[in-house]
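Undergrad: Turn these sequences into a full structure, and let the hints steer you where they fit.
In UniProt numbering, the protein residues as written are 1 to 328.
It is worth saying that the hints were derived from the structure and are not from the lab.
Remember, predicted model here, so these are calculated numbers, not experimental data.
There's no promise every hint is true.
Computed cross-link-like contacts, DSSO-like style, restricted to lysine-lysine with a CA-CA straight-line distance of at most 30 Å [what the hints assert, rightly or not]:
| id | residue 1 | residue 2 |
| --- | --- | --- |
| 1 | 64 | 246 |
| 2 | 246 | 202 |
| 3 | 246 | 135 |
| 4 | 64 | 293 |
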Amino acid sequence: MRIMIAGGAGYVGSHTTRLLAEAGHETWVYDNLSRGHQGAVLPGQLIRGELEDRPLLESVLREKRIEAVMHFAAFIEVGESVVDPARYYQNNLVATLSLLEAMRSVGVQRLVFSSTAATYGEPETIPIPEDTPQKPINPYGFTKLVVEHALADYAAAYNLGYAALRYFNASGASPSGQIGEDHRPESHLIPLVLQVALGQRKEIRIFGDDFPTPDGTCIRDYVHVNDIGQAHILALSRLEPGVQLKYNLGVGQGFSVRQVIDACRTVTGHPIPAVVTPRRDGDAPVLIADSTKVREELHWVPQFDQLEATVETAWRWHRSHPHGYADA
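TA: Below, the structure is given as structure tokens:
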């Protein structure tokens, strides 16, 4: 299939693009490189542009005879979304509507959308099934939820076929070590802990140790980035015009912040000092996916279901690229 990957120079997008190419699909990456990296893109695949540039988008969709789009081109920092919500409404909502209209104009009717567990907010049920009420508590989660509603409306009115994949904590790196995680600034736990092992940070901060969990720290479901990519490919294989799919992507097992730090200590052999600081606003104590639906319907089976195995792939990338794609 001929696929355009919006945001394919970013973390999850770049890994998914590699997996699509390995599976025999023809792919093109559409990215403005505001947060992605050219080094994450295979040679000859990058088309640099803005999603708001309708003429360019439509010409790419037509000239490349695109049959499906995967959409990763969103801003994802919760704290930033609270401080600067306008930036998130513009990029995550307005730009996505531009993409949907370009697709509708050209007649592309298949879309796999990168959504998030942040649409659930602070759920009362753990693990979290897909029918859990979606009550986001920050602008990032809200923009993703509004896009999900827009996709449902486009499916009903214009026969769009889509899959909304709600990730839990994307983690790890390509087992080959060629591509990995490089956010500027970094906010994800595993790479932050590994920066301590690399000597780039003095210590790792733990935001609160008084949560109602076994060791007092937050528990999250860490799902490997390649497993997320495989779920995109499986979802794409089920898409037809008008079809609506919604799935949680998580291993179904939670690990606390302290457990993640311990796993990084084991993998790296570094003591990794940690200090406890006050809680952050909006941190739910426990977020774990119920991924029964995607396992049963798409036969998705995560290959990285052990935390240390996921950390090992991340460590391979960060150790060989201590400055991210600047070292590529």
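Undergrad: The structure should be examined with respect to each hint, and the outcome stated for every one.
TA: Results of checking the hints against the structure:
1. 64 with 246: 28 Å, holds
2. 246 with 202: Cα-Cα ~41 Å, so violated.
3. 246 with 135: Cα-Cα ~16 Å, so holds.
4. 64 with 293: Violated - the C-alpha atoms of residue 293 and residue 64 are around 34 Å apart, more than 30 Å.
Comparing the model with each earlier hint shows violations of hints 2, 4; every other hint is respected.
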